[in-house]
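Colleague: Throw the hints in and build the complete structure from the sequences for me.
If you read the protein sequences in the order shown, they are chains A and B.
Its first residue numbered 1, the first sequence is counted upward by one per residue in the working numbering.
Its first residue numbered 113, the second sequence is counted upward by one per residue in the working numbering.
None of the hints are false.
Straight-line Cα separation of at most 25 Å, DSS-like style, residue types lysine-lysine; simulated pairs: (1) A/Lys-14 x A/Lys-83; (2) A/Lys-57 x B/Lys-207; (3) A/Lys-70 x B/Lys-207; (4) A/Lys-71 x B/Lys-207; (5) B/Lys-138 x B/Lys-179; (6) B/Lys-171 x B/Lys-149; (7) A/Lys-57 x B/Lys-138; (8) B/Lys-149 x A/Lys-9; (9) A/Lys-57 x A/Lys-70; (10) B/Lys-180 x B/Lys-207; (11) B/Lys-180 x B/Lys-138; (12) B/Lys-179 x B/Lys-207; (13) B/Lys-138 x B/Lys-207; (14) A/Lys-83 x A/Lys-57; (15) B/Lys-162 x B/Lys-207.
Source of the hints: derived by calculation from the structure; they are not laboratory data.
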Amino acid sequence: DGGITQSPKYLFRKEGQNVTLSCEQNLNHDAMYWYRQDPGQGLRLIYYSQIVNDFQKGDIAEGYSVSREKKESFPLTVTSAQKNPTAFYLCASSGPNSYEQYFGPGTRLTVT
Amino acid sequence: QQPVQSPQAVILREGEDAVINCSSSKALYSVHWYRQKHGEAPVFLMILLKGGEQKGHEKISASFNEKKQQSSLYLTASQLSYSGTYFCGTEDDYKLSFGAGTTVTVRA
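Modeller: And the structure:
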């Protein structure tokens with residue numbers, strides 16, 4: 001079955017630690033996206049990548065970093081510079097001739 | 113810039129209708145609609161392209177008026193399964209900007 005996987009589903013970290021969220025897709029999609037969701041604020045774009053080895057900042061990139069070394073993978077690192085990292089993080093991808101975005105199940109990150 | 117959705121929330125009885133609006137201050141080329149059930153990932157419902165076309169998904173339809181820079185989502189004869197948060201997304205340089213969402217609760 002084709003789809004997007006994110007792991008883990010729940011993640012707990014201490015303040016000051018970097019943490020990497022995994023996102024893998026087997027849909028053969030070129031474009032991938034990372035969103036952050038907080039209650040009442042919808043989906044905010046962190047980073048996106050249209051092609052391997054290239055990515056662009058979204059609306060709230062500060063405190064985050066990404067890499068796109070493989071088409072299938074787009075990991076997100078939440079660094080200690082991110083002031084309010086506790087949130088629900090969603091990864092998505094879209095194909096070349098479709099604007100429909102397919103979302104992964106999300107990772108809920110809690111930093112204390 | 114994020115599109116603006118209204119209302120923020122709506123409560124319906126099964127069988128009732130509702131309208132969710134999405135407006136933008138920028139010119140729109142397309143509008144996407146997604147639905148997210150509690151604790152789950154958003155799921156694509158439909159995309160409306162420039163031209164004022166109307167599309168449907170089950171008994172959910174939408175319209176797009178590019179002159180007014182807005183789209184409306186129509187929930188007709190609502191079912192319990194329509195409960196969730198609905199998001200509109202507008203295209204901006206190969207990425208989507210999402211509205212804050214409209215939470216729909218359908219009660220028996």
